[in-house]
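Colleague: One letter stands for each residue in the lines below.
There are 4 protein chains.
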Amino acid sequence: MTEPILNVLAERYASPAMCDLWSARGKVRMEREFWIAVLKGQRDLGLKIPEGVIEAYTAVLDEIDLEDIRRREAVTRHDVKARIESFCALAGHEHIHKGLTSRDLTENVEQLQVLRSLELIRFKSIAVLHQLGELAERTRNQVITARTHNVAAQPSTLGKRVAMFGQDLLCAVERLDDLLLRYPVRGLKGAVGTQLDQLTLFEGDVEKVRALEKRVVDHLGFSRLLHNVGQVYPRSLDFDVVSCLVQLASGPGSFAKTLRIMAGHETASEGFAKGQVGSSAMPHKMNSRSCERVNGFHVILKGYLGMAEGLAGDQWNEGDVSCSVVRRVMLPDAFFTLDGLFETFLTILKQFDWYEAVIARENQHYFPFLATTTLLMQAVRAGAGREAAHEAIKEHAVSTVLDLRQGKIARNDLVARLGNDPRLGLDHDQIESIIENAAALTGAANLQVEQFLADTEKLTNTAPEARTYQPGDIL
Amino acid sequence: MTEPILNVLAERYASPAMCDLWSARGKVRMEREFWIAVLKGQRDLGLKIPEGVIEAYTAVLDEIDLEDIRRREAVTRHDVKARIESFCALAGHEHIHKGLTSRDLTENVEQLQVLRSLELIRFKSIAVLHQLGELAERTRNQVITARTHNVAAQPSTLGKRVAMFGQDLLCAVERLDDLLLRYPVRGLKGAVGTQLDQLTLFEGDVEKVRALEKRVVDHLGFSRLLHNVGQVYPRSLDFDVVSCLVQLASGPGSFAKTLRIMAGHETASEGFAKGQVGSSAMPHKMNSRSCERVNGFHVILKGYLGMAEGLAGDQWNEGDVSCSVVRRVMLPDAFFTLDGLFETFLTILKQFDWYEAVIARENQHYFPFLATTTLLMQAVRAGAGREAAHEAIKEHAVSTVLDLRQGKIARNDLVARLGNDPRLGLDHDQIESIIENAAALTGAANLQVEQFLADTEKLTNTAPEARTYQPGDIL
Amino acid sequence: MTEPILNVLAERYASPAMCDLWSARGKVRMEREFWIAVLKGQRDLGLKIPEGVIEAYTAVLDEIDLEDIRRREAVTRHDVKARIESFCALAGHEHIHKGLTSRDLTENVEQLQVLRSLELIRFKSIAVLHQLGELAERTRNQVITARTHNVAAQPSTLGKRVAMFGQDLLCAVERLDDLLLRYPVRGLKGAVGTQLDQLTLFEGDVEKVRALEKRVVDHLGFSRLLHNVGQVYPRSLDFDVVSCLVQLASGPGSFAKTLRIMAGHETASEGFAKGQVGSSAMPHKMNSRSCERVNGFHVILKGYLGMAEGLAGDQWNEGDVSCSVVRRVMLPDAFFTLDGLFETFLTILKQFDWYEAVIARENQHYFPFLATTTLLMQAVRAGAGREAAHEAIKEHAVSTVLDLRQGKIARNDLVARLGNDPRLGLDHDQIESIIENAAALTGAANLQVEQFLADTEKLTNTAPEARTYQPGDIL
Amino acid sequence: MTEPILNVLAERYASPAMCDLWSARGKVRMEREFWIAVLKGQRDLGLKIPEGVIEAYTAVLDEIDLEDIRRREAVTRHDVKARIESFCALAGHEHIHKGLTSRDLTENVEQLQVLRSLELIRFKSIAVLHQLGELAERTRNQVITARTHNVAAQPSTLGKRVAMFGQDLLCAVERLDDLLLRYPVRGLKGAVGTQLDQLTLFEGDVEKVRALEKRVVDHLGFSRLLHNVGQVYPRSLDFDVVSCLVQLASGPGSFAKTLRIMAGHETASEGFAKGQVGSSAMPHKMNSRSCERVNGFHVILKGYLGMAEGLAGDQWNEGDVSCSVVRRVMLPDAFFTLDGLFETFLTILKQFDWYEAVIARENQHYFPFLATTTLLMQAVRAGAGREAAHEAIKEHAVSTVLDLRQGKIARNDLVARLGNDPRLGLDHDQIESIIENAAALTGAANLQVEQFLADTEKLTNTAPEARTYQPGDIL
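Residue numbers (this note's numbering), protein chains in the order written: chain A, 1 to 475; chain B, 1 to 475; chain C, 1 to 475; chain D, 1 to 475.
To be clear, the hints were calculated from the coordinates, so they are not data collected in a lab. Do not rely on the hints blindly, as some may be mistaken.
Said to hold, decoys possible - Straight-line Cα separation of at most 30 Å, BS3-like style, residue types lysine-lysine; simulated pairs:
| # | chain 1 | residue 1 | chain 2 | residue 2 |
| --- | --- | --- | --- | --- |
| 1 | A | LYS81 | A | LYS40 |
| 2 | B | LYS408 | D | LYS350 |
| 3 | A | LYS48 | A | LYS81 |
| 4 | A | LYS98 | B | LYS394 |
Given only the sequences and the hints, what does the whole structure look like? Please build it.
Modeller: Right, dumping it as C-alpha cells:
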C-alpha cells in the first residue's frame, strides 16, 4: 500500500498547535527530553554516567527518523524498545532508560501531552467565552421571542440567549480549572509501582529516589504526584479528562442547535457577513453547515468518552496494556475533536448574523399572545371586571389563532379584536402601547447579560491573549 | 394491573437513606417546604398573603396522598399542576406557586435531591476509603507476587495493592469535593430565565426579586447560584454529576476485578470469615459474587452516564422537557446504583480474607524467577564473570520453566540448579537467602501505604462518623 | 422504609401487557411452569417421580407469596434457592430442579421473557407502521416546503415526509424479524455447559438428555437451540436484542424531532384535535410534550444499550454473575422504554394535526425561490438569452431576500419583480402559473407513498389485529 | 505543519485490503466510476451527451491528485464540488453529476464502501471460525477444570471451551448474513428524496428515472433499494452496521479475556510456539499482549457505536450534514478496528499454546472436590449410609481446604483422607479410580465440539479461501 490513511480529525479540523502536541515526532522529542532529564538527575544524584554521554544524546535530540523506529518495532514487536534503540544508535551510547520500565516513560510523557492539551483547550475555551461576551454585548438590546418547547413563550433578548449558552461553558471551564489544579502525574514508579528499580540503582536510598522523581516531575511541569500506583496510573484520570472535554462541548452544542433552529426561521444565521446571502442560486438558503459540524463533533466526543469509560475501573492487578491501543486512539482524537469544535465555533461566532426585521415580524406575531396576562392586569386596573376581561381575552386569543391556522387572516390581529371589545375597556392605542411595551418585558435579561460579561471578563484576564485569538480557516 | 413493578436498584441494593431522598413522598415533601419557603419570602418582602394561609399549608405538610396526586395528573396530564392542586385542596387555599413556573419548582427541588445525594455519596466514599485504609494497614506486611499482564512481575505487598486501588478512589473523591464546591443552583428564573414573573409580582423591583431568590437558595442549602439560564439549568451539570459517580466507582471496580482474579488463585477471597469455606459441598468454591456485583454496578452506572450524555448540549432555545423522562430514570437510578455499589463493597472489605500459605506457595514458585536480576548482580559482586553468569541464569531459568510446563518437575527448583552451577559462584544457601530477601524486595511499598493512610486519615477527619459506618446486609 | 420505590418506566409509560411479562409474579409463574415441564419430561423419559408429586406442584402454581420468597432470600443470599424452597414448601415435595443448576432455570426463563417481549414489540411496531401508513395516506396531497439543513430546499408532500420516517422503521422491523427467526435458547446445559448433571441423572444416555431438552425448548416456544455454551448463553445475544430495540426507536425519534420543529413553525402539531388550540391562556402554544418524550425515551434506550455493551465479550471462562444485576435492570427497563415510546408515539400519530393555511403561507414564501431553476428553463424556452435570464433571476432573488431580511418588504414579491423584468420575457401570469406548478414539483413523492403503503400493508397482514390497536392513555 | 498525523488504526492494525476501501484515493476512484456509470445510463436512456465525453472522463479515471482537490475545497468550502471540479478539469468537460445532488453521489458511494467492508469482514470472520474449529479439534481431548465465577466448577475440555466462544461468533455471523441480505442502498433520490432533478432531466418520465436508478444500483452491486428517503438514507442503517461489528467482536473478546486468565495460571498462552518461553530474562512471563489488544479493540468499537447511536433517530426534516464529520471518522475507523481485531486474533489462534502438565496439576488439585457428588453416589451404591457418607465427605473436604489454605499440607490429599474413613466404605484405589474417571466427566463436551465443527464447516464452505487466509504480521 502506498498512500497513508490520514487522521481525519487532525488533518481537516484541529489546529496546528494541537496536532503538534500529538504528532509522532513531537512525542518522540518529548520522550527524549524526558530521558535526558532522568539521566541528568541520575548523574547529579551520584550515578556514574561517563563524560560526554548526556551531550551525545542531546546532540541528536532532533534527529528523529520515524521510519527507522518503525522498522525496529517490526522486529522487536515493542514500540518503546524501538525508540530506545533508535535514540541510542544515534547517540552511540546505551545509557538512557536506566532503572525505568516502558511505562515510566510512556505514562509520564502521555500525561504531559494531556496536560499541555488541556492547557491549550483552556485557552480556546476562554477565546470562545470572550467571543460569546462580545456577541452578547452586541445583541443585548435585540428583543426576541424566547421559546420553550420550541414555541413562543415570553420575550427575552438575543444577548440573554447568548449569555445562557455561555453560562453552560462557564460552568465547564470551572470544572476544567479544578481538573488542572488536581491532575496528578504518575512519576517514576517502576514495573509494579514500588519504585524497586530506581531504589536498586540508588542502593535503597529512598531520599535520592524521591529527589530524582521530583526533578523529573518538575521538568514535566506537574505540581501533583500520585503515590500509590501500579504499572499504570488509574485510567479513571483519562475518564476525568475526556468527560471534561465532553462537558466543554455542551454550551457550544446547545448554541449550535438553537442557531440551526433560528436559521430555519431566518431570524439568524452563521457564517454570512451582513448584507450577504446564502448562494446566488438559493439566496434564502442559509445552511448551518458549521453548526451542524459542531453538533457532529459533540457526538464524536461522546464516542471517545465511551472508550474512556471502557478503561476506567478495569485494572487487573498492577495493570496491563489492554488500554494501550484504546488510548492511542482516544486521547489524541478526543483533543483533536474538541479543538476542531472550538475552531469551528469561533468562526461561527465571528460571522454570526441576525435579522432584525425578521425578528420584529416574529415578535409582532407572538407578542399579542405573550402579553395577554399583562393586558388582563391593565384592564382590571382600568376598571374592567376580572372575569369578563379574562373571558374576552380568551375568546379573542383562541379565535385569532384558529383564524390564522385556517388562513382566514394572514397576520395576527388580536390587538384590533381586543380594542373593539368593550369588556376590556381599553382602546386600540392603549393595547398597542401595552404590546409594544411587551418588548420591554424582558425582565432581568439585561442585568443577567451584565453578569455574564463580568464573569467572562474576569476569566479572560487570566489568559488575555485569548481576546485576540483568531481561528484558522475552516473547510 | 395489580402488582406494582418495583425499582430493582432501590429495592435490592440501595440504602434506606438514599431511597428516602428519591421517594415520591420525600420529593413531595421537599416541594411543599420549597413552596412554603417561597411564600414566606414573598410575604416578608411585601406581597399580601392573607393571615393564616402559611399556617394552613404548614399544617398539612405531611398529609401526602400519592394516589390523589396520580388521579389528578391523569386528568391534567401535568404532574406539577396535580401536586399543586393536591396541596391546595388540603390547605384550603390557592396561594402557593405564585410567580413560579413548574420549572422554578422542579429544577430547584431536583437539584436539592442531587446535592443531598452527593453529600451522602461523599460520606460513603469516605467510609470506603477508611475501610481500605484499615485493610491496607492489616495487609501491609503480606508480601505478594505482584502481576502485570496478569503474570508475575515483581514482589509487592498486599497492603500496597489495596492502597493502589484506594488511590484511584482518592482522586475521585477530590473531584467530588470540587464538584460540591462548584455545584450551582438554578434559582427562581421564570419561564424563559428572565425572572419576569417574580419581577411582575414585585412590580419591577429587582432587589426584592434577588432577595427572594437568595432566601430560597439559602433554604435549599446551596452556596452558588446560576445567573443565566432558560427554562432549565444546563444539563451538562447532570452530566458532571453522573460522570463523577462513574469515576467514584472506578477504584472499587478495579479492586473487585483483581479480587475475582485472586480468588481464582485462592490467594484471597471476599465474604468468608477467617477459617470458613465456600460451602460444605464445594468448600473450595469461593465465588466472588459480591465483587461480580460491584463490576455489574459499574456497567449500569456507565449506562446512566450514556443517558446524561444524551441530554448535555441538546438544549433547544430556552429549553423543553425532552430531558424530563430521562432524568426521572437516570438521576435516582444512578445514585441508587453507586450507593448499592458502596454498600456491597463495604461488605467485601469487611469480610475480605487472604490465605498466607497459598500466597507463600505462589511466592516460592515465582520469586526465583523474579530475583534473577538480583542474583546476577550478587554473582558478579562475588567474582563471577558477568556474561557467564547471565548465560547460566538464562539457561536454568528457561529450562526450569520448560520442565515445569512439561511436567518433568512439580515445583520450581531453579534455586537448586543455580546452586549447582559453578559459573555463578554462589552456593545453595547464598542463593536461598537472596530469594528469601526477594520477599523484602518490595521497594517503597511500605512507605507508600503510609502515605495512603495519612491521606485517608486527613479526609476521614472531615466526616468522622464514616469511620464506624456499617453497611446494610446484602442480598 | 415504608414506601416502595416504583419502577418509573413501568408505572408511568409501559403497557400492562409488557409489565406483566416482567413482573416478579409473572416470572415466578413462568419458572414454576418450567420446573413442571422439566419434571414431566424427566418422568416420561424414565426418572422415578412418585405419584402425585407433579399434581401437588401444579396445584400451587399460582400461590405466589413474594414476601415469603424475599424472606428466604435474605437467609440464603441466593435468589433461586429461595424460590425453589418457597415452591417446594407449598407443594410439600422436593422434586423440582433435579439435575438443574440455577442458570438452567434462569437463563431459559429470561430468554422466554425476552422472546415474548420481542413479539409484543413487533406487534406494536406494526401498529405504528399501520398508523404511519394511514397518516401518509391522509397527507399525501399536502404539498410542503421540504427542508435540508432545516432550510427550504424543494417541494415535497407531507405524506412523503411521513413515509420517509416510516421507511426507517420498516428497515428496523426487518431486522427484528431476522432476529426473531434467529434467536436461540440456551437449553439445559448444566453448570459449565456440558450437560453433565442431566447425563448423570439419565446415566449417560445422551439421547434422553437431548429429548428432554427438546421438550423443554418446545415448551418455551423457541425454534432454535444453542449447542456450545457455558454457565450462561453469550451476552452478545442481549446486545443483539437491545440494539434492535434502539434501532426500532430511530424512525419515531426522527419523526418526533421533525414534528417539534414543525410545531415551531405552526405547520403541524401533535396531540390537538382539529380546531382545538394549546390552552386558553396561551392558545398559540402547541407544546410538543409527547414528541419530546419520544426523544427522551430514545436517549434512555441508548443508556440501556450501553449496559448491554458492557456485558458482551466479557465472559470469563464458563461465565459468572457479574452480568446479573445489570440484566435485572437493563432487560425489563429497555423493553418498558420502547413499549412506552410506542404507546406515546401511537397517541401522537392518532392526534397529529397539520395546518394547511400556515403551510400554504410557507410555500408562498419559499416556492418563488425554489422555482428559480424552472423559471430559467421556461424563460430560455420562451426565447430569452440564458445568461441574461440567469443574471436577472439572480439579481432579483438576492435583492428580495435582502429586502425581506431588512424589513423593506413584508412578503416575498419575487414574482412581481421577475414579471417586471424584460430580460426574462415572461409576464406576471406566466410566472405565477409556474410558481403554482412548483407545488406540483414534488417529483415521485406520490409514487413513493404508494410504495410505502404497499410495504406496510404487506407487513400488517402478518399481524392484522395491529390495525385496530389503541394505545393506552398517556400521562 | 509538516508531518501528517496518520490514522493509528489504519497504519498499525488494519489490513491493506481494508485500508484500500477507505483510502482517499480509493474513494475518489469509486466516485468517478459512479459518475461515469450515471453518465452512461443517462446517455443510453436518451440524454444528449456529446461524443467523446465519456471517453474523456474514463481516460483520466486514475489521475487522482488529492492535493489539487484539497486546494479546491479550501476555496469552495465544499468537498464534493472540489472533486467534481478536479475531475472535470482533467477531462476537459463538465458533464458529470447532472441531475445529481452531492448526496446522490456520497450516500451511494459510502454505502458501497460499507458493503464491501462488510463482505471483507464476513470473510475474516469465517477465517476466524475456521481457526477456532481447528483449535477445538486439536484440544478436544484436553480435559480441563472448567470455571464459573473464576473458580473450579466441573470438568470440561479445552476444545469445548474454544467451541463455546466460537458459538458466540457463529451467532454474530448469522446476524451479519442477515444484514448483508437486507442492506438497502439509497439510490438517486435528489435533494429531498423526491427524485425531482432526475425527473426534470428526463422530462417527467418516471420509468426512465427508475431504469437509470436500477442501472446504477446494479453497478454498485446492491440487491435492495430504499424507496422513501430524504437527502440521506436513515442513519439507523449505520447503527445497524456498527452494532453488528461490535457483536462480531464479542466472541473473540471473551476468548481473549479467558486466555489472559489462563495465562495467569500458566495453563495456556498466546503467541509462543511450543517449547518456547516468554523472554530469556523472564521466561515465565507469558504476557498476553495480543489478547489485551483484542480487548482494547472491543472497547474502541463500542466508542464508535456510541457515535452511530448519536446519529440514528436524529434526522431533522429531510436531513442535513450534522452526521457528516461523525461518519467520516466512525465508518472507516470502526471497520479498521474490527479488521485489526481479527488480524490480531488470527495470530493468537495460530500461536495458541497450552500446557498439559500444568493443566494436569490443576485438575489433580480440583478434581477430588469436583467429584464429591459422584463419590457420594458410589459410596451409597457400595452400601454406605447416605447421611454418614455425606457427613464424612463434607468433613474431609472442608478440612482439606482449610489445611491447604493454612499451609498445613502442600497438595490436595482428600483422596487419602476419604480412603482412610470407614464411613464411606471405599478404599483408596476405588476412590482414586473415581477421581481419575472424573477426568472423563466432561458430559457432552465432545459431542458439542462435533456440532461446532459441523456448523463451522458449513459456513466455511461459503467462503472456502478463508481456510487458508493468513493474517499479516502484527506489531
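Colleague: A separate judgement is required for each hint: does it hold in the structure or not?
Modeller: Here is how each hint holds up against the structure:
About 21 Å separates the Cα atoms of LYS81(A) and LYS40(A), which keeps this hinted pair within 30 Å; it holds. Taking the CA atoms of LYS408(B) and LYS350(D), the gap is near 26 Å; set against the 30 Å cutoff, the hint holds. With a C-alpha separation of about 23 Å, the suggested pairing of LYS48(A) with LYS81(A) holds against the 30 Å cut-off. Between LYS98(A) and LYS394(B), the direct Cα distance comes to roughly 21 Å. Compliance with the 30 Å bound is thereby established for this hinted pair.
Violated hints: none; the structure is consistent with every hint.
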